[in-house]
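Q: Sequence:
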Amino acid sequence: MRVVYTVVLAIVVMFIITFSLENTLPIQLRYYDFFERSLPTYMLIFVAFLAGVIFTGFMGIVERFRLTRTINRLNKAIRDLRREMKANDNPPYDEEAGKVSPPFEE
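The numbers in this note's numbering rise by one with no breaks, and the one at position 18 of the sequence shown is 18.
Hint data in this document are derived by calculation from the structure and do not stem from the laboratory.
Honestly, I wouldn't trust all of these hints.
Stated by the list, open to error - Each pair of labels, with its calculated beta carbon distance range:
| hint | residue 1 | residue 2 | range |
| --- | --- | --- | --- |
| 1 | Ile71 | Met14 | 35 to 43 Å |
| 2 | Val47 | Val8 | 34 to 42 Å |
| 3 | Met59 | Val7 | 27 to 35 Å |
Said to hold, decoys possible - Think about it this way: if two alpha-carbon atoms lie no more than 20 Å apart in a straight line, the pair counts; the simulated SDA-like pairs of lysine to any residue are:
| hint | residue 1 | residue 2 |
| --- | --- | --- |
| 4 | Lys76 | Asn88 |
| 5 | Lys76 | Phe65 |
| 6 | Lys86 | Leu74 |
| 7 | Lys76 | Ala87 |
| 8 | Lys76 | Lys86 |
| 9 | Lys86 | Asn75 |
| 10 | Lys76 | Gly60 |
| 11 | Lys76 | Arg64 |
Values in this document were obtained by computation on a predicted structure and should not be read as measured data.
Cβ atoms here follow ideal geometry from the backbone N, Cα and C, with glycine treated the same way.
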C-alpha cells in the first residue's frame with residue numbers, strides 16, 4: 001500500500017510541476033479601479049483550488065461538530081431511557097416467602 005501511495009504522490013507532484021511550467025502566461029486581475037494585479041495563470045488556479053480546499057475543510061469541521069453534538073444528545077437520551085427502564089422494572093415476587101425478592105444484578 002505504501003508503494004501505491006508513493007507512486008500516486010509522485011504522479012501528482014509531476015502533474016503540478018508540468019502544469020505550472022506550461023501555464024506561466026500572466027493574467028491581468030482587475031476589480032474596477034481599486035485593484036489591479038498581474039499573476040501567472042497557474043498561480044490563479046492554485047489559489048482558487050486552495051480556497052476551495054480550505055472552504056470544504058471548514059465545512060467538514062462544522063459538520064463533524066454538529067454530528068458529535070447529535071451523537072452526545074442521543075447517547076444521553078439512551079442513558080436516561082435505560083435508567084427509566086431499570087427504575088420501572090417490577091421486582092420478582094416470591095410466593096413462598098410472601099415478599100419481593102431483590103432484582104437480579106446484571
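Q: Next, verify each hint and record whether it holds.
A: Now for the hints, and whether the structure bears them out:
Separation of Ile71 from Met14 is about 42 Å and conforms to the stated range, judged on CB atoms against 35 to 43 Å. Between Val47 and Val8 the beta carbon distance is about 24 Å. The supplied range of 34 to 42 Å is therefore violated. Evaluation of the 27 to 35 Å hint for Met59 and Val7 yields a pass: the beta carbon distance comes to about 30 Å. Using a Cα cut-off of 20 Å, the hinted pair Lys76 and Asn88 holds, with the two alpha carbons roughly 18 Å apart.
The suggested pairing of Lys76 with Phe65 holds, with an alpha-carbon distance near 17 Å, which does not exceed 20 Å. As the CA atoms of Lys86 and Leu74 are separated by approximately 18 Å, the hinted pair is consistent with the 20 Å bound. Restraint check for Lys76 and Ala87: satisfied, since their Cα atoms lie roughly 17 Å apart, inside the 20 Å limit. With a CA separation close to 15 Å, the supplied pair Lys76 and Lys86 stays within the 20 Å bound.
Taking the CA atoms of Lys86 and Asn75, the gap is near 16 Å; set against the 20 Å cutoff, the hint holds. Taking the CA atoms of Lys76 and Gly60, the gap is about 24 Å. The hint is violated against a cut of 20 Å. Using a Cα cut-off of 20 Å, the hinted pair Lys76 and Arg64 holds, with the two alpha carbons roughly 18 Å apart.
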